[in-house]
Amino acid sequence: MTLRHLISTCISSVTISLLLLLTASSTTQAQGLKLKMFSLVPDSIPMMRGFQVSFDLFGFCQRQLSDYGQYEGALRLNLHDQWFPIVEVGYGVADHTNDEVTGLSYKTKAPYFRVGMDFNLLKKKHGPNRLYGGFRYAYTNYKVDLWRTNYPDPTWQWDTGFGVVGEQYSQHWLEGVLGIDAMIVGPLHLGWSVRYKRRIAHSDGVVGKTWYVPGFGIWGDTRLGGTFNVIIDI
Amino acid sequence: MNNSKGCAVVRKWWLTSLSAIIACLSFGVSACSSIDCPVQNTVYTGYALYTQDERVDTLRDTMYVFTRRADGTDTLLFNAGIGLTTFQLQISYSHPEDTLRFYFINGDNYAVVDTVWVKKEDIPHFESVDCSASFFHRLTAVRSTHNAIDSIAITKNFVDYDASTSHFHLYLKRHD
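Heads up: the protein sequence lines correspond to chains A and B, in order. So the first sequence is numbered by the working numbering: it starts at 47 and just counts up by one. So the second sequence is numbered by the working numbering: it starts at 1342 and just counts up by one.
Since the hints were derived computationally from the structure, they do not count as laboratory data. Source: prediction; values computed, not measured. A few of these clues could be false.
Listed next, with one range per pair, are the computed distances between beta-carbon atoms [to be verified]: (1) Thr-268/A - Asp-1501/B: 25 to 33 Å; (2) Asp-205/A - Gly-1422/B: 45 to 53 Å; (3) Asp-1491/B - Pro-157/A: 55 to 63 Å; (4) Asp-250/A - Thr-1426/B: 35 to 43 Å; (5) Leu-125/A - Gln-1381/B: 50 to 58 Å; (6) Asp-1503/B - Asp-279/A: 55 to 63 Å; (7) Gly-209/A - Gln-1381/B: 23 to 31 Å; (8) Gln-1381/B - Asp-250/A: 16 to 24 Å; (9) Trp-129/A - Asp-1501/B: 32 to 40 Å.
Think of the CB as a built atom: it goes at the ideal place given N, C-alpha and C, for glycine as much as any other residue.
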């Protein structure tokens, strides 16, 4: 290799290195500028986005069409269209009289409440429709009247009465919620929710088990439940 | 413009479909119900035979157990048991004291009769409105005559669906 060739290679290397350095430096500067610009843009959506009140039609219809059900309303706070703290309050009623197979009657009515949080799972959170995932903690304390008309002991044939009045029960449970809320017109929305329920603590009195639990539904029947909500933005 | 309209239609269709699926699921959930009554739903008392020195004993005579019903007639609770070490008997739903007549008949057709009185408290038990009403019991006292029976003792006082453990130890007299 000649000296002239060596000098030429050296100059080329230095030139390329300087060019690369310049390019890198200009890219970093541009990114920094961009980051600076991004951080300067404020969020135009306020944190507090209002309230929603809702009423559950599913529990209402259930009560009208069967011998148990619940009347339930809810108040939901909208935080940034992302987080929705919620309180649900209801009144559960069961009046099952003289079961055609077993002859048993079960009567209860009591309030219940649930508190929890929903999260908007949609990517575009500020649209009119929402897909919710959430959880609830719920509690009820209720009294049960339970009786059966007198019937003969099958062996001894003595007339046997069966009944308790005002038996005290209570239950704590958790719910996982998946729901949808679609805007119909103006402030009016309609929404569904499907719930997975798990009892976490309970007191069943001395007679054994419970049947209808206000707000929870029929114990031992299924762990799934649902609501159909009429929702109004306020 | 057309593209955004298309997106809105897809979004609406997606929301409607999801609503329909959730609606179907909810109605399906409410429509399906199961009845979970216990398979073992009889309430019996268990008796175990023991010798005086607390060894398992065997019934050497043929045993019958009767009780008197409300109309004054007798009914058979246990028929012709022999060679047993344990047996089970029914217990009344809500009578405060059951009276049981034990007949022990030996090989010569000679019968020895004893009466056992079982006092108890009756506790209504509820599973579901779909399951028959039943009673659990708390045994409070037991006594007997002493022709073939030497003594009888309560070993477990709560009577429920579990009759696998004995509630009474029955000590019979030995006639060698």
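A quick look at each hint next to the structure:
1. Thr-268/A - Asp-1501/B: 25 to 33 Å: holds, 27 Å
2. Asp-205/A - Gly-1422/B: 45 to 53 Å: Roughly 30 Å apart at Cβ, these two residues miss the hinted range, so it is violated.
3. Asp-1491/B - Pro-157/A: 55 to 63 Å: Check passed, 60 Å falls within 55 to 63 Å.
4. Asp-250/A - Thr-1426/B: 35 to 43 Å: Holds: the Cβ-Cβ distance is about 36 Å, inside 35 to 43 Å.
5. Leu-125/A - Gln-1381/B: 50 to 58 Å: Since the Cβ atoms of Leu-125/A and Gln-1381/B sit about 53 Å apart, the hinted range of 50 to 58 Å holds.
6. Asp-1503/B - Asp-279/A: 55 to 63 Å: For Asp-1503/B and Asp-279/A the Cβ distance comes to about 57 Å; the hint holds.
7. Gly-209/A - Gln-1381/B: 23 to 31 Å: holds, 24 Å
8. Gln-1381/B - Asp-250/A: 16 to 24 Å: With Cβ atoms ~20 Å apart, the hint holds.
9. Trp-129/A - Asp-1501/B: 32 to 40 Å: violated, 49 Å
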